[in-house]
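**Student:** Got chain A sorted already, so can you dock chain B onto it with the hints?
In case you want the letters, here they are:
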Amino acid sequence: MSKYVIIGNSAAAIGCVEGIRQVDQKGEITLIASEPHHTYSRPLISYLLYGKTDEQKMKYRPNDFYKKNKVIKRLGETVTEIDKKEKTVTLKNGEKIPYEKLLVATGSNPFVPHMEGLESVKNRFSFMTLDDAKALDKALKKDTRALVVGAGLIGLKCVEGILDKVATVNVVDLADRILPSILDETGSGLVKKFLESKGVEFHLRDSVERFEKNKAVLKSKKTIEFDVVVIAVGVRPNISLVSDIGGKCRRAIITNNKCETSIKDIYAAGDCTESADCATGDMKVMALLPNAYMQGETAGINMAGGTKLYENAIPMNAIGFFGYHMITAGDYIGQTYETLEGENYKKLFYKDNRLMGYIMIGDVMRAGIYTSLIKNKTDLATIDFELIKEKPQLMAFSKKKRSEFLAK
Amino acid sequence: MKRIYVNEKWCLGCHLCEYYCAFANSGKDSMVKALKNVTINPRIRIEERGGISFAVSCRHCEEPLCTKSCITGALTVNDGVIQIDKDKCVGCYTCILTCPYGAIVPSETGAIQKCELCMNNSAGKPACVAGCPNKAIVFEEKE
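As they're listed, the protein sequences go chains A and B.
Heads up: the first sequence is residues 1 to 408, going by the numbering used here.
Heads up: the second sequence is residues 409 to 551, going by the numbering used here.
Because the hints were derived from the structure by calculation, they are not lab data.
Each hint can be trusted.
Only pairs whose alpha carbons sit at most 27 Å apart, straight line, appear in this in silico DSS-like list of lysine-lysine: (1) A:Lys400 <-> B:Lys417; (2) A:Lys389 <-> B:Lys417; (3) A:Lys400 <-> B:Lys543; (4) A:Lys248 <-> A:Lys92; (5) B:Lys496 <-> A:Lys70; (6) A:Lys134 <-> A:Lys59.
Just chain B, same shape as in the assembly:
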């Protein structure tokens, strides 16, 4: 399955992936409306310290602890992509308790949100990857 991979060697720490992610998932058609004067809450997050930086988003694990632990059945795996039914989610945060990468975060509505590889938004393919200026984030098939 095609997954997002991050190579910290190429990461500039520019945070553009966070902005592209927030825009792609905003449901808005203009970047200004989606991002200006807004505290963004992206599904991909940069960690940075002392000259090192890298982006973290859902790994779409083959053994997905979040999905197996979900108390509502709101997290499901569809063709390898772990998806969230926000309407079903009650925001108990059991997935935040279990995700070993810290890749699941609360959304504004109280339900959780996570990377769904932009399958369910207007971008259609990972916006973070398309927007990364230095190919530090790639979307590819690996063994």
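The shape of chain A in the complex, shown without the other chains:
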């Protein structure tokens, strides 16, 4: 009987395997995932199209990962339900696999809202999985006119991936600015201007009213002709396996700092979960790869009988387009300090003597020093805040702290 069953095969699932193996070298692990592929890094699908990686290099762990960690893999198989009383998971073919401890790391799925006429569009794609990326790639030619619906992280990474492969890229979004989840108005403006200089055309505060085969009619009555459309308006966490059996969920599966769900012996990690933002205490879906890995690792250690708490998660992001980088973290609340020099933009948010969040665009050097101030809830009275405003630097800390950092 498998001691551990893991549903999923991305960052959270891999973190869980590595977490379990830190504590328990022997207990049998079965890993089940719908996608048939060796574990790969999902965020790399845009880099694959862009030509910055390939299918071998985008493997999240080496070829011998499962063997080395003694993982029984059931790839290309889908779990349809969990029986919390019998402690089994059921596969599509009816087979039941028992577990002692279970991790649900089912991620999220693209959300495709109802759009009139979308079903009449032959070349329509999502941009979440390796198969999505490969299918999209096949449909692209030098003279392709691409339409991307959604100017968020996924939509714009897709734009970066395909821009050099096609004739035109139009982007439509309901929001008044691009990347609204991570950037303020000024930051969005800078990145938009930069992407426009590369040839991307934006239609903001607008949406597709209807599709007519190869034409999109926007709410503004503008029409855009296209050959390929990518729908990237958002994602929905895959929560049904847990919500179906009464596990506590809101938008996503609710987890505590041990990464347990509300059901005994069932853990959850990654994009399908909601967890506490340590800086504000609010429960949030923080769908980002580092978070997924560390939640998975925490779950794994706890599943195997160790003790680990994951309690310093904050929303954060590092992303770039054509070499123009931006790093953001935390919450955008409180007083602000900002500087703008050419394409370099920085904005700090602080409140009650704590750094709450920041945006850095262009020059992102040493951003992690800011991230750690947020995570550690550092009292700004204990550091030289004027130096920290100037740039992220260890000089801003006390001599004692610097010695702790570097001499011990």
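**Tutor:** What follows is chain B alone, placed relative to chain A:
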């Protein structure tokens, strides 16, 4: 594990560690070829201000946020040393977002670079330590 430690009391702010680092990682056999008329991009960096100076390089953390956060799997820990597979790295800078010391920097190729204790270059042992004229940078085992 042996780590690099920095004592700011002894640091002269001479920046020699930066030059030794850049040379050791240049792949070139002469200092002139490696460093003359070149803007160096070392993996160890001096911070200095008002008479205080100290060198900062990777701490090879036991709980390495960079490695756990790496989206590609390009950062790995091998015998305690955090190493970068530059071929696998796509330069997303998530490690720069997470490193609390600001010790990871972009390289000329777009991938990131970081101190690997000179394990993967011709120096074989930390060149910054060997070159520090005042023993402000040491390579030793501590509790």
